[in-house]
Amino acid sequence: MSTILECKHLTKQYHQGDTTVNALQGVDVSFNKGEFVSISGPSGSGKSTLLHIIGSLEQPTDGDVILDGISLRNESRRELADIRLNRIGFVFQAYNLIPVLTAAENVEFILQLQGVDRQARRARSGELLKQVGLEGLENRRPGQLSGGQQQRVAVARALASHPAIVLADEPTANLDSKNSDELLALMSKLNQESNVTIIVATHDPKVIAHTRRHIVLTDGNIETDETRAA
Amino acid sequence: MLAGLAWRNLWRQPRRTLLNVISIAFAALIMVFLLSFQMGTYATMKENVLQVIDGYAQVQPTGYQDSPDLKKTIADSDAIMKQIETVTGVATTAPRTTTFAILSNGEKSVGAAVLGVDPEREVRVSRLNRSIIHGNYLDREDSNAIVLGAALARSLGVEVGDSLTLLGEGLDGSIAADVLTVKGIFESGTPELDRQLSEMPLARFQEDFAMDAAVNLIVVTGPTLAGVLDALPDLEPLLNDREVELKSWKQLQPGLDAAINLDLNTSLMWYASMVIVVVFIILNTLLMSVLERTREFGVLLSIGMRPGKLGVMIWMELSLLALLGLLVGIGLGCVVTLLIGHYGLELPGAEAIFSQWGLPGRLYPRLSLLSISAGPGAMALCIFLAGILPYRRVRRLQPVDAMRAA
Chain A
5 MSTILECKHL
15 TKQYHQGDTT
25 VNALQGVDVS
35 FNKGEFVSIS
45 GPSGSGKSTL
55 LHIIGSLEQP
65 TDGDVILDGI
75 SLRNESRREL
85 ADIRLNRIGF
95 VFQAYNLIPV
105 LTAAENVEFI
115 LQLQGVDRQA
125 RRARSGELLK
135 QVGLEGLENR
145 RPGQLSGGQQ
155 QRVAVARALA
165 SHPAIVLADE
175 PTANLDSKNS
185 DELLALMSKL
195 NQESNVTIIV
205 ATHDPKVIAH
215 TRRHIVLTDG
225 NIETDETRAA
Chain B
588 MLAGLAWRNL
598 WRQPRRTLLN
608 VISIAFAALI
618 MVFLLSFQMG
628 TYATMKENVL
638 QVIDGYAQVQ
648 PTGYQDSPDL
658 KKTIADSDAI
668 MKQIETVTGV
678 ATTAPRTTTF
688 AILSNGEKSV
698 GAAVLGVDPE
708 REVRVSRLNR
718 SIIHGNYLDR
728 EDSNAIVLGA
738 ALARSLGVEV
748 GDSLTLLGEG
758 LDGSIAADVL
768 TVKGIFESGT
778 PELDRQLSEM
788 PLARFQEDFA
798 MDAAVNLIVV
808 TGPTLAGVLD
818 ALPDLEPLLN
828 DREVELKSWK
838 QLQPGLDAAI
848 NLDLNTSLMW
858 YASMVIVVVF
868 IILNTLLMSV
878 LERTREFGVL
888 LSIGMRPGKL
898 GVMIWMELSL
908 LALLGLLVGI
918 GLGCVVTLLI
928 GHYGLELPGA
938 EAIFSQWGLP
948 GRLYPRLSLL
958 SISAGPGAMA
968 LCIFLAGILP
978 YRRVRRLQPV
988 DAMRAA
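Line by line, the protein sequences are chains A and B.
Our numbering puts the first residue of the first sequence at 5, with every later residue one more than the last.
Our numbering puts the first residue of the second sequence at 588, with every later residue one more than the last.
Keep in mind the hints are simulated off the structure, nothing from the lab.
Just so you know, even glycine gets a beta-carbon here, dropped at the ideal spot from N, CA and C.
Errors might be hidden in some of the hints.
Unchecked claim - Where chain B lies over chain A, by a calculated footprint (3+ residues, C-beta under 8 Å): (1) 54-63; (2) 74-85; (3) 96-108; (4) 111-120.
From just these sequences and the hints, can you work out the full model?
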């Protein structure tokens, strides 16, 4: 399998008053195309920071991220926005859908930002919402959907632009057990069908159990990186 | 796409948006009405003052305005009038002679301004003939007739049909003397004119004051003041090499121009204060809305929206709010102005000031493109410019920091 994402000696330091916090301490890790990876670790271990840096939402203090052959180190804010738009999908813990847009419009929004024409947008959002099991709910606004349904819309939105990777930060944290299971089954299915790389930061053992590769972070370092046999 | 999203965002807090729209609309309404009212009043002032005697413009001998003198004359007035009347915007012209003389009735003598006028032309440039309260205005058959202001007639103790004596100095230094019959008494509405002014036939004046066919000035008028003002640049070349100069209404009535400017400038300061207050209210609300939605902006940046586009979206929200408020305000302002323009507005207690500027007791606002667009336009500009503040704030947001915002 080809490498889609490479983290080279990622270091991140925060300053809180006079104290320096080392969120990441030289993390080296690669991800292959089509992998479904979970990253876990105690609070403050650096999971979210790693995800943010991979997603170009934050810059590392040192090191580099190579995504699909592109170094994120020296890109401008505008170029990073374009990279996020075209190559990265995000699923957040709190769903983070745009409340004034319908489910279909939330999915289409990404495509609109890409300049995709109306007809193609409609077709793609319809296809994705069908894939995530929300057929018939396209015209509902987030406030009219359950938490599980909102997270499914978020997954559909993350996949809308055919990204190279999907980053999910605690995607099941706000869901009940049933909805968590359904979401994980959906993500596994989409991972296999679309061959998209999915990286999930999580505390949830169920999520970890769904992924073949599991990385444990402790104090900003990779403690274990295990891949289970298929 | 951005406009649609901005529009929906506006209506997330309908009550807040409505309050903002009402604030903008109310300010726009007030500005449209008050500007229309001012413009209407200024136009009435100008028309009433200028149509009484001065006309919209005058051709005068060089230096006549600063130092009026019977000896400063225009020799070829007929030719000049013919040429001027060919210019678009000018309707008619009228020649005048003018001097100061002594008018006497028995033992009563009063110094007065005496104008020699061509009655047929004069009625087309001046409304004095419509201000006659006793007797009649001059006509082409009149020879030794004179019309007087009411206060002047009272000072002389004359009535219609009485005779009075005119005594002055002719163009050649001779004594100009005549006996004239009072044909009419006018009340122009301008006390100063009613105290000082008299008019007699031009031919008789020229004969009395040994002027041959010379005149002292040519009054220029047209269907509208604006039309004559527009025509002035075309008139200038016609007057070259004739030792005359063209005077616009502002030069003829500098006091009126200054009064209008003073009133307008005072109002502008008031309008500016109102615009600033409204802009700050709107800006405050928008900044509050931006703060409330910082987390959402972080999400939008995370999913790939460019910071500039996000800033444009916020700016559009402000612009749409302003546009909505201004359209409502302009619409209501036009309705209110048209209604009051139809019935008029009485301002009790201001009669003395009104009569000074020839204003009637009831004032009528006049809608114009300027009165509709100036206030709301200034407001729109200020609101759009104020939008730079939230635009800049949003553009500087970092996705992670924004998403961490409470």
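Consistency of the hints with the structure:
Counting residues of the segment 54-63 of chain A whose beta carbon lies closer than 8 Å to any beta carbon of chain B gives 4, which meets the minimum of three for the stated coverage. Given as covered by chain B, the segment 74-85 of chain A passes the check, having 3 residues with a CB less than 8 Å from a CB of that chain where 3 are the minimum. Only residues whose beta carbon comes within less than 8 Å of a beta carbon in chain B count, and the segment 96-108 of chain A has 6; three or more means the coverage holds. Check on the segment 111-120 of chain A: 4 of its residues sit with their Cβ under 8 Å from a Cβ of chain B, so the three-residue criterion for coverage holds.
No hint from the list above goes unmet by this structure.
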